[in-house]
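A.B. asks: Quick mapping for you: the protein sequence lines, in order, are chains H and F. Residues 2 to 271 in the working numbering are what the first sequence lists, from first letter to last. Residues 66 to 374 in the working numbering are what the second sequence lists, from first letter to last.
No lab work stands behind these hints: they were computed from the structure. Even for Gly, the Cβ is constructed at its ideal location relative to N, Cα and C. Just so you know, not all the hints are guaranteed correct.
Computed beta-carbon distance windows for the label pairs [claimed, not checked]:
id	chain 1	residue 1	chain 2	residue 2	range
1	F	Tyr331	H	Lys160	50 to 60 angstroms
2	F	Glu296	H	Glu87	39 to 49 angstroms
3	H	Ser178	F	Asp95	34 to 44 angstroms
4	F	Glu296	H	Asn105	36 to 46 angstroms
5	H	Glu218	F	Asn86	35 to 45 angstroms
6	H	Lys222	F	Gly117	13 to 23 angstroms
7	H	Ser271	F	Gly117	43 to 53 angstroms
8	H	Arg91	F	Gly356	49 to 59 angstroms
9	F	Gly117	H	Lys217	24 to 34 angstroms
10	H	Glu218	F	Glu152	30 to 40 angstroms
Distance condition first, Cα-Cα at most 35 angstroms in a straight line; then the derived DSBU-like pairs of lysine-lysine [said to hold, decoys possible]:
id	chain 1	residue 1	chain 2	residue 2
11	F	Lys88	H	Lys160
12	H	Lys49	F	Lys111
13	F	Lys104	H	Lys129
14	F	Lys104	H	Lys22
15	F	Lys111	H	Lys193
16	F	Lys73	F	Lys269
17	H	Lys243	H	Lys265
18	H	Lys51	F	Lys162
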Amino acid sequence: MDLKKIAFDRRLDVLEMVYSKKSGHIGGSMSCMDILTSLYYSVMDIQKIKDHDEDRDRFILSKGHCSEALYTVLADCGFFDKAELETYTRFGTKLAEHPTKGINGIEIATGALGHGLSAAVGMAISLKNRGSAAHVYVLMGDGEQAEGSVWEATMAAAKFGLDNLTMIIDRNRLQISGGTEDVMPLDNLAEKYGAFGCHVVTCNGHDYGELIPALKEGKSKQPTVVIADTIKGYGSSVMENKADWHHNIPTAEEYEQIKADLTKKGMEVS
Amino acid sequence: MAKVSCRKAFTAKLLELARENEKIYAVATDSRGSVTIGKFAEEFPKRFIECGIAEQNAVGVASGLAKDGNNVFVTGPACFLAARAFEQVKVDVAYNKTNVKIIGVSSGVSYGPLGGTHTSLHDYASMRALANMLVLAPSDNVQTEYLTEYLANTDHPTYMRMGRGDVEGVYEPGESFEVGKAKQVCDGMDITIIACGEMVIVAKKAAELLKEQGISARVLDMFTVKPLDEESVIKAAKETKGIITLEEHSIYGGLGEAVTHVVSEYAPAKVKILGFPDEEIKIGNSKELFGHYGLTPENVAAVAGKLLQ
Ligand SMILES: [Mg+2]
Numbered sequence: 002m003d004l005k006k007i008a009f010d011r012r013l014d015v016l017e018m019v020y021s022k023k024s025g026h027i028g029g030s031m032s033c034m035d036i037l038t039s040l041y042y043s044v045m046d047i048q049k050i051k052d053h054d055e056d057r058d059r060f061i062l063s064k065g066h067c068s069e070a071l072y073t074v075l076a077d078c079g080f081f082d083k084a085e086l087e088t089y090t091r092f093g094t095k096l097a098e099h100p101t102k103g104i105n106g107i108e109i110a111t112g113a114l115g116h117g118l119s120a121a122v123g124m125a126i127s128l129k130n131r132g133s134a135a136h137v138y139v140l141m142g143d144g145e146q147a148e149g150s151v152w153e154a155t156m157a158a159a160k161f162g163l164d165n166l167t168m169i170i171d172r173n174r175l176q177i178s179g180g181t182e183d184v185m186p187l188d189n190l191a192e193k194y195g196a197f198g199c200h201v202v203t204c205n206g207h208d209y210g211e212l213i214p215a216l217k218e219g220k221s222k223q224p225t226v227v228i229a230d231t232i233k234g235y236g237s238s239v240m241e242n243k244a245d246w247h248h249n250i251p252t253a254e255e256y257e258q259i260k261a262d263l264t265k266k267g268m269e270v271s
Numbered sequence: 066m067a068k069v070s071c072r073k074a075f076t077a078k079l080l081e082l083a084r085e086n087e088k089i090y091a092v093a094t095d096s097r098g099s100v101t102i103g104k105f106a107e108e109f110p111k112r113f114i115e116c117g118i119a120e121q122n123a124v125g126v127a128s129g130l131a132k133d134g135n136n137v138f139v140t141g142p143a144c145f146l147a148a149r150a151f152e153q154v155k156v157d158v159a160y161n162k163t164n165v166k167i168i169g170v171s172s173g174v175s176y177g178p179l180g181g182t183h184t185s186l187h188d189y190a191s192m193r194a195l196a197n198m199l200v201l202a203p204s205d206n207v208q209t210e211y212l213t214e215y216l217a218n219t220d221h222p223t224y225m226r227m228g229r230g231d232v233e234g235v236y237e238p239g240e241s242f243e244v245g246k247a248k249q250v251c252d253g254m255d256i257t258i259i260a261c262g263e264m265v266i267v268a269k270k271a272a273e274l275l276k277e278q279g280i281s282a283r284v285l286d287m288f289t290v291k292p293l294d295e296e297s298v299i300k301a302a303k304e305t306k307g308i309i310t311l312e313e314h315s316i317y318g319g320l321g322e323a324v325t326h327v328v329s330e331y332a333p334a335k336v337k338i339l340g341f342p343d344e345e346i347k348i349g350n351s352k353e354l355f356g357h358y359g360l361t362p363e364n365v366a367a368v369a370g371k372l373l374q
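Model the full assembly from the supplied sequences, consistent with the hints where possible.
C.D. replies: Okay, here's the thing in structure tokens:
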């Protein structure tokens with residue numbers, strides 16, 4: 002099936018979860034969905050991940066608040082039963098609003114921002130030391146870039162020459178309280194990462210023709226940074242590029258509109 | 066007995082263990098001198114991960130190393146690991162239950178002359194409050210070696226803190242211990258002194274002073290600060306006439322409060338908590354500070370006398 006269509010289907014799954022459980026971070030989940038789809042349906046060998054093979058690729062959702070996006074992908078890929086999505090955020094569930102441990106496919110629990118990259122660096126060092134060909138992918142938000150630990154970890158990734166590490170930034174230009182450039186300017190992000198010793202690629206985060214090659218790109222002895230330009234709330238004019246939709250819960254009317262928009266777009270690409 | 070610092074006993078033992086176990090990693094924070102871990106770095110450069118002055122990243126990197134099946138010791142001054150990197154300890158180590166051992170050296174007031182930026186008098190309180198954490202405070206080099214070997218063979222998230230200076234030995238080499246169980250240093254039926262870390266030797270000496278006064282003091286080395294050996298505490302509360310706790314830590318949230326919790330719930334008894342008061346600590350070396358704040362054998366003995374009146 003076409004990757005774009007898959008991503009719209011997963012966005013519909015996210016919409017159902019968020020709307021029915023009245024919780025989640027819908028805007029960022031919509032913006033990062035094409036990145037997740039590229040990784041899980043194309044770039045990574047997910048059979049090895051399912052088998053917990055020691056040479057499996059690793060994915061870490063450092064922007065853990067978009068867990069529902071990852072859960073829908075994992076469920077659809079067969080990491081766990083799709084019915085489990087029904088338990089999302091309900092009492093006693095494994096599926097919290099941030100990825101928890103103990104879920105098949107979740108390498109490490111995240112949710113406090115600025116943690117995922119450090120863990121990814123540790124994994125990449127260990128994989129390299131034991132000669133594994135596995136690759137580590139970590140997805141961060143753009144608002145997350147203000148966390149100092151991100152830059153501590155980036156320095157370390159460059160120092161250790163981690164060419165088995167790809168850092169992806171969901172560059173949707175919004176965060177909870179507004180535009181990233183107003184909250185804490187980031188516009189020279191590519192320069193920043195370049196200056197820290199990384200190989201930097203910028204691409205359209207909704208265009209698979211750009212995204213997949215970017216995720217496969219690499220340079221010897223350097224970590225790669227993929228700055229994926231995305232649209233927060235991608236897929237429906239109700240949400241697109243609106244900061245409120247970081248974690249808005251749709252009203253019944255908005256739900257119907259978003260559902261219609263996503264369904265229509267999904268049909269257009271299939 | 067020989068005077069050896071716990072940190073040197075730790076690094077010597079870790080080096081020995083790393084020779085047998087290639088899963089042992091050490092993560093440093095520009096701290097190889099203060100931790101005395103230089104030999105490990107020379108012998109195992111690939112398993113010595115220098116993260117520079119970046120404690121948060123160091124703990125996060127350790128969690129990633131651990132997630133690939135390694136047993137990871139993060140080493141550095143306790144004041145930074147237990148404060149600057151606390152969220153990483155909470156999330157990446159405790160919550161994720163990773164095989165990471167946070168080894169805080171030069172703890173308590175070891176760096177007293179450096180001022181309040183360098184004290185770690187809050188770490189038992191903060192680490193105890195994290196579910197899944199094992200909290201250890203060895204009292205001398207023999208116990209440190211035992212605990213280091215223990216940590217090399219368990220995957221339990223742990224915080225272990227040690228002082229900087231040489232400490233008088235409490236134990237003879239070869240002494241046996243059990244994690245989670247208090248080690249009785251001496252028996253007594255009048256009063257119990259429960260201490261941990263490098264305060265155990267102070268407690269032992271206080272017991273010797275009390276003996277001269279005809280008071281028999283039981284000394285319990287509570288090197289496992291968490292989980293607390295509740296049974297020994299209850300036994301002490303029931304069998305002796307009062308308990309004194311002694312720690313190089315704030316009187317808030319540490320060993321004293323842990324003991325008091327158990328006593329008040331299961332065996333009400335008199336308890337006096339000795340530690341650092343809730344105020345800005347004066348500048349000075351350990352010995353001066355222990356003297357000023359009453360963490361001396363003489364003061365402990367005097368407090369015991371009063372408690373028994
Ligand atoms: Mg954003």
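A.B. asks: So does Lys222/H sit 13 to 23 angstroms from Gly117/F, Cβ to Cβ?
C.D. replies: Since Lys222/H and Gly117/F have Cβ atoms about 19 angstroms apart, the given range 13 to 23 angstroms holds.
A.B. asks: 43 to 53 angstroms was suggested as the range; check whether the CB atoms of Ser271/H and Gly117/F agree with it.
C.D. replies: Since Ser271/H and Gly117/F have Cβ atoms about 50 angstroms apart, the given range 43 to 53 angstroms holds.
A.B. asks: Given the proposed pairing of Lys73/F with Lys269/F, does the C-alpha separation stay at or below 35 angstroms?
C.D. replies: 23 angstroms, holds
A.B. asks: Per the hint of 36 to 46 angstroms, is the separation of the Cβ atoms of Glu296/F and Asn105/H within bounds?
C.D. replies: With Cβ atoms ~39 angstroms apart, the hint holds.
A.B. asks: Is 30 to 40 angstroms right for how far apart the beta carbons of Glu218/H and Glu152/F are?
C.D. replies: Cβ of Glu218/H to Cβ of Glu152/F: about 32 angstroms, so the range 30 to 40 angstroms holds.
A.B. asks: Could one say that the CB atoms of Glu218/H and Asn86/F fall in the range 35 to 45 angstroms?
C.D. replies: Since the Cβ atoms of Glu218/H and Asn86/F sit about 37 angstroms apart, the hinted range of 35 to 45 angstroms holds.
A.B. asks: Given the hint that Lys88/F pairs with Lys160/H, test it: the Cα-Cα distance must not exceed 35 angstroms.
C.D. replies: 22 angstroms, holds
A.B. asks: A range of 49 to 59 angstroms was offered for this pair. Does it hold for the Cβ distance of Arg91/H and Gly356/F?
C.D. replies: 57 angstroms, holds
A.B. asks: For the hint 50 to 60 angstroms, verify it against the beta carbon of Tyr331/F and that of Lys160/H.
C.D. replies: 52 angstroms, holds
A.B. asks: Do the alpha carbons of Lys104/F and Lys129/H lie within 35 angstroms of each other, as the hint requires?
C.D. replies: 23 angstroms, holds
A.B. asks: Does Lys49/H pair with Lys111/F here, judged by a C-alpha cut-off of 35 angstroms?
C.D. replies: Measuring from Cα to Cα gives roughly 26 angstroms; hence the hint holds.
A.B. asks: Please work out if Lys104/F and Lys22/H have their alpha carbons no farther apart than 35 angstroms.
C.D. replies: 55 angstroms, violated
Comparing the model with each earlier hint shows a violation of hint 14 alone; every other hint is respected.
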